[in-house]
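*Asks:* Sequence:
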Amino acid sequence: MEKGLEKLRSEIEMHLGWNAVEGWHSSMFNELSEKIFDATGVNLSVATLKRFFGVVKHEGTPSITTLDALSQFLKYENWRDFKLKSGKGSSPKFKLPNKKGVYISLGFVLCLAIISLIANRRPEVVINSSEFTFSSEVKSREYPNTVVFNFSLPDNLKSDSLLIQQSWDATKTVEIDRDQSAATGIYYEPGYFRAKLLVEGQIVKEHDLFLKSNGWIGTLDYMPIPKYFQPKVQGNGFAVPKPIEAEVEQSKEMLISTFHYVDDLGNITDEGFSFSAQVENHSEEPWAVCQMMSIYFLGSEGALIIPFSKIGCSSENNLMLNDVYLSGKENDLSALSADFSTATDLNVSIENREVKVNIAGKQVFTHSYNRSIGKLVGFRLRFLGTGQVNEVHLLDNQQEEIVLD
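Counting from 18, one number per residue, gives the positions in the sequence shown under the numbering used here.
No lab work stands behind these hints, which were simulated from the structure alone.
Careful, some of the hints might be misleading.
[What the hints assert, rightly or not] If you anchor each label on the Cβ, the simulated ranges turn out as follows:
| no. | residue 1 | residue 2 | range |
| --- | --- | --- | --- |
| 1 | Asp172 | Asn375 | 56 to 66 angstroms |
| 2 | Asn284 | Asn253 | 16 to 26 angstroms |
| 3 | Glu159 | Gly252 | 18 to 28 angstroms |
| 4 | Thr190 | Val155 | 54 to 64 angstroms |
| 5 | Lys102 | Lys189 | 24 to 34 angstroms |
| 6 | Glu217 | Asn284 | 32 to 42 angstroms |
| 7 | Lys269 | Pro161 | 21 to 31 angstroms |
| 8 | His299 | Met240 | 16 to 26 angstroms |
[Stated by the list, open to error] List time: in silico SDA-like cross-link candidates among lysine to any residue, alpha-carbon distance up to 20 angstroms:
| no. | residue 1 | residue 2 |
| --- | --- | --- |
| 9 | Lys213 | Phe168 |
| 10 | Lys156 | Ile242 |
| 11 | Lys392 | Glu371 |
| 12 | Lys222 | Ser153 |
| 13 | Lys259 | Pro241 |
| 14 | Lys222 | Glu148 |
| 15 | Lys379 | Lys392 |
| 16 | Lys213 | Gly232 |
Everything numeric in this text was worked out from a predicted model, so none of it was measured.
Idealized CB from N, CA, C, for every residue including glycine.
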């Protein structure tokens, strides 16, 4: 098949007369997408074309829809017709113009192009979301965790720009072809995600995806794949086990460790709850001198991130309250500072989307936000280096404690 693909690439390059594909820029791929749509009525995305021409590395072969459209662009009936005829010397011929009359031809082509842009704009792909189905199936309770996405697409869909967005992060996507009915995605952390089926960048179906942690779990946050560990339980708290601590101490590169807890916490929302923890950070590596740590509050519709550090490092902190973002470079976040080399009491309370932070029993920071995070579903306690949590408590708006085990 690879020889046929190379032949198809070569004939398209020759047909276009744009020189070798290695010299193409993004706007040329966009123009090619337009040309293919005008000729075939099939919309091939820029990403699909870049994969086909090898500009973007991609494992696997192009879909039959893509190959049919590219073959039709070259005046063949379909991909099968191209394979049959291209090897027998009967492929359509595309003659380069001679020099005589070239300027007249160019002017004529430019006029046609302008008229085409004005009078024959590319129509949008018509999408009826009721014609699609989209669901997911969790295959494991461990991490990494593979999720199977099942979907169906309408037979008359004229688009090759099909994606599954795995989470809130728009960069975490899985590309799919029109002839698929299932795809898989891998999740390295527990959390509450919103999976979306996208056509032409438009959401046609979406659903919640709740991946629980099954108690507290720990990660040493290597990229792109973390190392997992079971926290060492100490009463109502937990710590990094000795082997992980030794691994961090020996590292010359910056490492982050995280404790995760994600579960069904009932109907707790940001209308009212309180979270407290006594934490320590004894990391003495040169890159961990700031003793930075953050508490993540995970919701069904968003998240809060409260950062802490030594006072001299507050410029490096970034605070997020769902729709409100405060950079330490542009805001004074020095109030969120402490010396974590000794046990330090932290308390974060939220009432009607107003956040109050207490350090060692003293209120040091308050700020509000607008968009609710929905139901509270979990936490992350993230440390630069390694950290220790001596105790942790969650109270609902009735001051009833929720057991985190």
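*Asks:* Each hint: holds or not?
*Replies:* Cross-check of the supplied hints:
1. Distance hint check: the CB atoms of aspartate 172 and asparagine 375 are about 59 angstroms apart, consistent with the given range 56 to 66 angstroms.
2. Separation of asparagine 284 from asparagine 253 is about 24 angstroms and conforms to the stated range, judged on CB atoms against 16 to 26 angstroms.
3. Look at glutamate 159 against glycine 252: about 26 angstroms separates their beta carbons, and that is inside 18 to 28 angstroms.
4. The given range of 54 to 64 angstroms is broken by threonine 190 and valine 155, whose C-beta atoms sit roughly 19 angstroms from each other.
5. Distance hint for lysine 102 and lysine 189: a CB-CB separation of about 42 angstroms, inconsistent with the stated range 24 to 34 angstroms.
6. One distance hint, 32 to 42 angstroms for the beta-carbon pair glutamate 217 and asparagine 284, holds here, with the actual separation near 37 angstroms.
7. A hinted range of 21 to 31 angstroms for the beta carbons of lysine 269 and proline 161 is consistent with their spacing of about 26 angstroms.
8. At about 24 angstroms, the beta-carbon gap between histidine 299 and methionine 240 stays in the expected band of 16 to 26 angstroms.
9. For the hint pairing lysine 213 with phenylalanine 168, the CA-to-CA distance comes to about 11 angstroms; that is within 20 angstroms, so the pair holds.
10. Among the hinted pairs, lysine 156 with isoleucine 242 is consistent with the structure: their alpha-carbon atoms are about 19 angstroms apart, no more than 20 angstroms.
11. The hinted pair formed by lysine 392 and glutamate 371 meets the criterion: a straight-line CA distance of about 15 angstroms does not exceed 20 angstroms.
12. A C-alpha spacing of about 12 angstroms is found between lysine 222 and serine 153, which places the hinted pair at or below 20 angstroms, so the restraint holds.
13. Between lysine 259 and proline 241 the CA atoms are separated by roughly 23 angstroms; this puts the pair beyond 20 angstroms, and the hint is violated.
14. For a cut-off of 20 angstroms, the pair hint linking lysine 222 to glutamate 148 stands: about 10 angstroms separates their Cα positions.
15. Distance hint between lysine 379 and lysine 392 is unfulfilled; the C-alpha atoms sit about 27 angstroms from each other, more than 20 angstroms.
16. Between lysine 213 and glycine 232, the direct Cα distance comes to roughly 27 angstroms. Violation of the 20 angstroms bound is thereby established for this hinted pair.
Hints 4, 5, 13, 15 and 16, counting from the list given before, are not met by this structure.
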